[in-house]
Amino acid sequence: MPELPEVEVTRLSFADRIAGATIGQVRLGKPLRWPLGCVPDDLVGRSVLQVRRRGKYLLLDLNQGLLLVHLGMSGSVLFESDVPAAGVHDHFDLVTSRGTLRLHDPRRFGAVVFSDHETSEVAQKLLGKLGVEPLGDAFDLSAFTHALKLRKAPIKQVLLAGQVVVGVGNIYASEALFQSGIRPSVRSNRLSSQRVLKLHAAIRDVLARAVEKGGSTLKDFSNAQGQSGYFQLEAKVYGRQGEPCKTCSTAIVAIRQGQRSSFFCPVCQRP
DNA sequence: AAAAGCCCCTGGATGC
DNA sequence: TGCATCCAGGGGCTTT
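The numbers in the first sequence follow this note's numbering, run straight up by one, and end at 271.
A hint or two may mislead.
[Said to hold, decoys possible] Taking lysine-lysine and the BS3-like style, the derived pairs with C-alpha atoms no more than 25 Å apart in a straight line are:
#, residue 1, residue 2
1, Lys-198, Lys-236
2, Lys-246, Lys-236
3, Lys-219, Lys-30
I should point out that these hints are in silico values taken from the structure, not numbers from a laboratory.
Full structure from sequences and hints, please.
Shown next, in the form of structure tokens:
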């Protein structure tokens, strides 16, 4: 499932190659989560300046306006000079002078949205409430500590909500909490400053290592060159319920939190 | 304002 | 073999 590392790995795998490309044609498949927000032909002739990332969104800056691309649950992007004929799950093709950018998304929770400006209403609706970038300088310990003090929900759900810190989805929230020895059910405002310190470091460490490994390919994630990631091989708790903890051999436990599964070691992660 | 629950979607696993 | 059911979860939306 694309979280920050998968989106960043995707970005890195095509940003340089698409920069400077001119859009020649746009093809739409089945509807995605939201409509494109402009007539496809309006994009023809514009050029792609650069590709940025905000949380789990890819931002394609055009010489006029920008495209916000979200991979949802099952999305992946391909950017090649020659792409095969569109399949039933290929819902967006941006044909450019340097290759075709294709969004493949079986479950169609993903989206491609055009906006005149990053500060426009449509863009702010998607980006406006996002928390800080965990791999950036703005993710500092004191602000993180303060933000967690203001929340009473379980820490796992506070991380997933993305209003304090972005990009941490179900896999990396479980892994970061394991690495910092915190049980997912602990209330955010009850965490000691010592534990917040560990969690802060663990989030950065887990996400950065996942980017280095090319992300996690649980099912079918691949980058824009079709390459899989390998971080799933390093998962300590995610998807390992009943299996022995790699640190203490205790069976990993799965619980439900907010319609999502959480995984933890009952010995290594204390309430 | 925060928190909790609902819903969108399809493929794969499971059960009868 | 076939069919029904459940589950995966990002995240915006609505309700509490």
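Evaluated hints:
Only pairs whose Cα atoms come within 25 Å are accepted, and Lys-198 paired with Lys-236 is accepted, the gap being roughly 17 Å. For the proposed pair Lys-246 and Lys-236, the alpha carbon gap of about 7 Å is at most 25 Å, so the pair holds. Restraint check: the Cα-Cα separation between Lys-219 and Lys-30 comes to about 22 Å, which is no more than 25 Å; the hinted pair holds.
Hint compliance for this structure: every hint is met.
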